[in-house]
Structures are given as structure tokens and as C-alpha cells.
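**Q** Starting from the known structure of chain B, fit chain V with the ligand onto it as the hints suggest.
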Amino acid sequence: MKYVDEFRDGEVAKKLAAAIAAEVEPDRRYNFMEFCGGHTHAISRYGLPDLLPPGVRMIHGPGCPVCVLPIGRIDLTIGLALEQGAIVCTYADTLRIPASGGLSLMRAKARGGDIRMVYAVTDALRIARENPGREVVFFAIGFETTTPPTAVAIKLAEAEGLDNFSVLCCHVLTPSAIMNILESPEVRVLGTVPLDGFIGPAHVSTVIGSRPYEFFAEEYRKPVVIAGFEPLDVMQAILMLVRQVNAGRAVVENEFTRAVTPDGNRKAQDLVSEVFELRRSFEWRGLGEVPYSALRIRARYASFDAERRFGLAYRPVPDNKACECGAILRGLKKPRDCKLFGTVCTPESPMGSCMVSSEGACAAHYTYGRHRGASE
Amino acid sequence: MCLAIPARVVAIMDADQAVVELGGVRKDISLALLDGVVEGDYVIVHVGYALTRLDPDEAARTLAMMATAGA
Ligand code: SF4
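Residue numbers (our numbering), protein chains in the order written: chain B, 3 to 378; chain V, 922 to 992.
None of these hints come from the bench; they were simulated from the model.
Heads up, a few of these hints could be off.
Here are the in silico distance ranges between beta carbons for each label pair [unchecked claim]:
1) Gly945/V - Arg118/B: 23 to 31 Å
2) Gly103/B - Gly961/V: 51 to 59 Å
3) Glu942/V - Glu160/B: 26 to 34 Å
4) Glu276/B - Ala981/V: 30 to 38 Å
Glycine included, every Cβ here is placed at the ideal spot set by N, Cα and C.
Isolated chain B (complex conformation):
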């Protein structure tokens, strides 16, 4: 496939690996966080750690939208289906996220909840059109990539007068999460999470552009290289990061120039700011309450806001005590550090959210990395 196969070429990967090995300084450690679950997935799937010299360590970040959804948000969604009798439409990845009381959206469906998996929010609009007598709620999750489609849907619903449609908005913001990591005591004070640079998001950056990361490079002196989701993109980005570290530089570089510009997609940004505004605070799994890290629907579109429409009140619920997702999302632990990994907790029966989506650190390690060396 064009623009895919070329970026998966094993021979080129070896060349890049050799270049990285030649350029790392022997006494130096290079700790890079890949923010996105998409990169985590690529790193595990293509076995990239095997290609990297021992001094280069990749740390998984919190950029997997399914992984960072807290239990309380899933509980709200289940409540809409089971108590309010609404049709709940959701992206497939959320179905198996563990919620309170041993439930998940999947199990709530088995208990009679009308929960439907959709590929696009436009499918939720269609379901609302087809069921005029029912409330139809779209469970809107994701970073800056899924937010513009949700904005388009709300505007379409308004234009059509589709008044049985609403959105449970759980959209979150990438820069706030990066900021939270950089400000965490583990990074700033304790040094338990050494961080020498970031691989910046691929698709999120197509929307927000490369500019929002400049602040992190300048203010926190951390290099950022935006990279595509193919294995060669990741290898090239690591090489660029190594070079920045060696040269003592900390700037934003863009490896994914075929899709990312400094300004991003202005049309998408405008639609988002027309429909959404910042929430004062939002709970993330692993990171806890993060100020100004998520969006909510503006008052102008209040009738499409499921939280207002159903008078929902958010109630935080602690994670399963044995699950280490929180520490993994903050870069403190690896999937193998969790006692449940691969035994009690598997993709078929996940105990935590990191085992649910294929971009989650635990699921990626389970699927692709289980038989690899102990360094993983």
C-alpha cells in the first residue's frame, strides 16, 4: 500500500538502527517518551526495542484515549443505557473497559442496555434519525483527532433539528497531558522518570499542528520530534532526538512533514472552538484531576450536551488496586511490573484499561512483546 509499505521497509530500518547505534554516546542514557498509543503499538508490533542500542529506552506515555478514560465516565455511560433507557453509541474500543461493579459497556449490553458500536459519529446521527422516539447518546472520547468529527455532528444535529441526539463529551487535550507529565514530581523532583525528549503525536498533530509543542521545548528544555505511526517514522524520530540530545538542543522537529504543518488543520480547529470550550478540570485515569485538560460543549449547544440533558453528576471511582495502569500511564512502571499481566489480565478479559485497546501499553506488550527479552 502506498505511503505504508515504504515506511515499513526492514532494510531501511536496519540502516536507521545502525545510525542510531553509531551516534549514541557510550556513557549516556536516552529516555524518550512516546506520547501516543499509536507509537506504542508500532514500537511493540515491529519489535523496535530490539533494534535500539541499550542506552536508548522508550517510555510509554498517556496518549491512548481508551486507557485514560476513568471508571467514573464509563459508569455514567452505562447509567444512560441501563437507567435512562437511552441508546448509547460508542466507538468499539470502549466496550471492554472495566467499570464499577464488574460491569463494562459490553456486560451492560448483555444486561439489556441498548449499546451500539459505531465506526463514525455519523452512524450515531443515523441511529437518532431512525429512532425518533428514543434518546440517542454518543459517547464521545478521544484526543484532538476525534473531537472535530464530534463538532461536525453536533452542528449537523442542530441544523437538522435532531433533538433526540446528544453527546457525552469526554474529549481530552494532548498538550495538557504532556504538561502534566512534565510537571509531575517523578519528572521534576524525584527524577524517577528520567525524560530526555518526546516523540510527538502523529494524527493529533495533523489537527493542532507542530506549534503547540514549542512551549515544552522552550520552557522545559525537552526536544520534541513529531513522527508518523509507521516503524521507520519512529526510528527516524529517535535518531533525530538522539542528535538533539547530543547537541544539547531542545527544539520541535517534524519528521511527519507529509501530513503535519506548523498550523495544523485550521478548519477543524475552528469547528472545535465553535462547539467546545475548556473544562476547568477533568479526571484522567492514571493522572488524576488535570486542570484545563478536556473539553465540554458550549452553552450555545447545551441541548446536545448529555451531561446537562440528563443532569449527570460525575463520581470518581478508584481503579482496581492491583492494576498498575496509573503508574504505567505516568511512565513509572512497565506492563511486566504488574502482577496481573498476562495471567489474570489479558485482552480477552482485561482488568484495566491499558489492556483494552491495541494501543494500550499492556495490550501491545501482551500481543506483540510477550516472548521478547526481559528488558521489556
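**A** This is chain V with the ligand only, laid out in the frame that chain B set:
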């Protein structure tokens, strides 16, 4: 859910809709977030919406850079 690969636009329809081809499979997508897409363009599709166009020159430049191991 963030994994998305570039798809080729094979037909532009009404109302911001398009048909893309992805590894032999055709799919209806929305162009509501992008202006000026034409047939033959490659776009990155995410949850049914094209997020951005792929720049063929930049892709070639990146591949050339990789081929020389970033030199
Ligand atoms: S293996 Fe399962 S229980 Fe352990 S951290 Fe990962 S998701 Fe949580």
C-alpha cells in the same frame, strides 16, 4: 483507535462525502474537515473523517532522508 492509514480518494460525492480506497476496500468518508480535496489525493482518515491530505513531495523527501539513514 488512533491507527489510521492513508487512503486514496477515488470519488468525490455531494455534501462533503467521498469514497476512498484502502487496500482494495472502498469506504464512504466525510470531507467536512478539509477543503479542496480532489480525486487521486491521499488523505488520512480517522473515525470516518479525512483529517489531512498527504503531501507526496514531503513523503518522498522523508523517504530519501531515511534511505541515507538521516544523513
Ligand atoms: S496488566 Fe492489566 S491489571 Fe495490570 S496494569 Fe495492565 S491493564 Fe492493569
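**Q** Now tell me if each hint is right for this structure.
**A** Now the hints, each set against the structure:
1. Gly945/V - Arg118/B: 23 to 31 Å: 27 Å, holds
2. Gly103/B - Gly961/V: 51 to 59 Å: About 52 Å separates the Cβ atoms of Gly103/B and Gly961/V, which means 51 to 59 Å holds.
3. Glu942/V - Glu160/B: 26 to 34 Å: Given about 33 Å between the Cβ atoms, the range holds.
4. Glu276/B - Ala981/V: 30 to 38 Å: 36 Å, holds
Hint compliance for this structure: no hint is broken.
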